[in-house]
Amino acid sequence: MYFAWTVKHKPKSLSEIVGNKEAIQKFVDWVKSWERAVPKKRVAFLYGPPGIGKTVTVEALANDLKMELIEKNASDYRTEDAINRFAGLASQYNSLFGGKKIVLLDELDGLTGTSDKGGVKAITDIAKTAQCPIVLIANNAYDPRFSNLRNYSLLIEFKKPPTGEVMKHLKSICANEGIQADEDALKFIAQRSEGDVRSAVNDLQALSQGKKKLTYEDVSWLGYRDRQDTIFSVLRMIIYGRTCISAKQAVDMADVDIDMLFEWIYENVPEHLTDPHDLAEAMDALSMADVYRGRIRATQDWSLTRYVIDFMTAGVAMARRNTKTHGWIPFKFPARIQMLSRSKAERAMQLNIGYKIKRKCHISAYRASKETLPYLKIIFKNNVSMAAGIAKWLDLDPEMIEYITGNKEKTEAIIKQLS
Amino acid sequence: MSFEMWAEKYRPKTLDDMVNQKEIVERLKSFVKSRNVPHCIFAGPPGTGKTTAALCLARDLYGEPYREHIMELNASDERGIDVVRETVKTFARVRSIGEIPFKIMILDEADNMTSDAQQALRRTMERYTETCRFILCANYSGKIIEPIQSRCAPFRFSFLPREEHDKYLKHISENENVKLLKEGLDAVFEVCGGDLRKAINTLQAAASLNKPIDAKVVYSITGKASPADVQKMLEIAMKGNFMEARKQLREMIQKYGVAGSDIIRQIHTEIFRADIPEQWKIKLANIVGEIDYRLVEGADEEVQLSALLARLVEAANELEKSNKV
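Protein sequences appear in the order of chains D and W. 421 is the number that this note's numbering gives to position 416 of the first sequence; each next residue is one higher, with no gaps. 591 is the number that this note's numbering gives to position 160 of the second sequence; each next residue is one higher, with no gaps.
Please keep in mind that the hints were generated in silico from the structure rather than gathered at the bench. Among the hints, erroneous ones may be present.
Pairwise CB distance ranges, derived in the manner of DEER restraints [as the list claims (entries may be wrong)]: (1) D:Tyr147 with W:Ser692: 53 to 59 Å; (2) W:Lys663 with D:Lys164: 42 to 48 Å; (3) D:Glu222 with W:Asp513: 52 to 58 Å.
One-sided excerpt, in silico: chain W residues whose CB lies under 7 Å from chain D [to be verified]: (4) Glu435; (5) Arg681; (6) Asp731.
Only pairs whose alpha carbons sit at most 27 Å apart, straight line, appear in this in silico DSSO-like list of lysine-lysine [what the hints assert, rightly or not]: (7) W:Lys642 with D:Lys397; (8) D:Lys386 with W:Lys686; (9) D:Lys382 with W:Lys755; (10) D:Lys386 with W:Lys460; (11) D:Lys165 with D:Lys37; (12) D:Lys382 with W:Lys601; (13) D:Lys397 with W:Lys444; (14) W:Lys453 with W:Lys598; (15) D:Lys397 with W:Lys440; (16) W:Lys574 with W:Lys610; (17) D:Lys17 with D:Lys31; (18) W:Lys440 with W:Lys613; (19) D:Lys365 with D:Lys382; (20) D:Lys329 with W:Lys755; (21) D:Lys386 with D:Lys413; (22) W:Lys460 with D:Lys365; (23) D:Lys15 with D:Lys71.
Ideal Cβ placement from N, Cα and C applies to all residues, glycine included.
Start from the sequences and build out the full structure, keeping to the hints where you can.
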């Protein structure tokens, strides 16, 4: 039977966890301090990149100290209401079964958007009054949404463990599974995972499926997947394809998924199809591919993917009629993917300020972030006293003020007037 | 100068304070007198006093503790059906304590509610009429489903006439000791077109510069405050530069978070003003309409709109060729 090794070989005790010794010690000390009295910070906030053992640490600790672990994922507490129900649990240290209790709220990053409105605030409220240890886990504790929550939390950073530590873990799994693995092979997997232990274990399992021996040759092909020039030749086959079939075949060669391939084509088509009519036809084909993507999302019928492929490959290839071939034009990484991740944090900030405005101004947070915020930006740049007055009136926190002014000195001047 | 948002500070508190929308205010006053309010739709452009009228009505009706008897919900932030099922219903079904037997639910930006949510709302309105009256504020009453419209008394708000607009802004600038020049006032009206919230925000931002407000100051403010420059993007496309136009589009969507539907609406208006052959305009309108529909279906805003930009580049190119012949 297939059993994920990440689950099967999950550390049961703190001593088995890979790396992060200091962070774990800090966490253990804090949990033990509850035995004496309720500590100043009632919440521990574990943060760090994915797959490095944050959740596992909490589970192993509960196991080691024989505590009852109450665990919730982001999906369980979408609203303030749900969290308040949950708060009842946190009001007592002793569990129903006689032992001590520890409460874990995992995947806090998953709390987004308006449907979770109030979620973070409700957690903050619990953090002030909790009678038992509360543990929060997120990838990024410095997300603006958590700024207030951070004040009530003991922040514990989890870092990527070094390659050697990851290797040791892989070795012990191999020993357990009766697999003879080359040192080189394990080193390759560990390095490639860049500290993400979970993905390293997953790779190990995938590569040694049905094998008793694992050599460097068995794993090294993983590296080829990362080579960039495959995507370039795929793009060339599509944009300069002469027949529908050949353009469509390019998809099989691509080592990125369909959505990512779409982004590559969408980014690069305009520079390669310089004739306005050709470009319009190609963009039209891409927009049709996108329509089918939307239909897949709506119906969850993945068999429609073939039409997405038709339009984004053959459709684009057939658009090319008047464009002359000219010298070598390099292919570029999809810029909007890069921009998307950068501007995501910014939009979250805008919306958070929008909520502050909403509380005072009878306007939706969404519209406030679009319509009122630009005026605030002008005021905050020009008039420190007025800015300070408004900041106080709206109850903006320093991070928000800094975002609005976009300038450190102005921010300090405003904050100085506030105090 | 006072240091809060003036748009809020100078929001009228009672129906008597409301200088504009005379007929509407009179009707609302009669509701207060009879101590009964029907379900209402307040429709009209932004910044014309819809929310204010609702709040004033509530204050006049319940007196100062009016907050205990009303709930404000904004459909732009909470547009889903769950909100209607839970929040709205919970509020609506519990009887109010006090001499007036019903509460008031103010549903702002109600035209942003999904049609599912509106259907659910329709049932809630019917069932709890005894205990709760609804005031729906919307820019377009057409986006409210027919069955809800037929249950509501309609009120149509219009932009403030010039004199009212001027009187209001002058009153504020005197109160705040701001020097507002005649040309500055003209400029505010020109760019805000009677949207009072926008006008007051513009005035306050201009005042933050600490100098007399003339037309130049006003234009510099509004230039900075409206990043959604659809017109500029279209101009770039018409000059044949697709890459640059797409970049503008991308910034609008990603950096400033402008909704695709808003961009579409503006493009639709601009197309008929653009300097292209008349026959092209209707062709392009057809493409715009198709894309509008695709966006509603959940397609990618940037991909769809850039397909439109590519067509514009093509149109401009054809035009240039035919001019040469």
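In ascending order, which of the hints set out earlier in this document are inconsistent with the structure?
1, 9, 10 and 16
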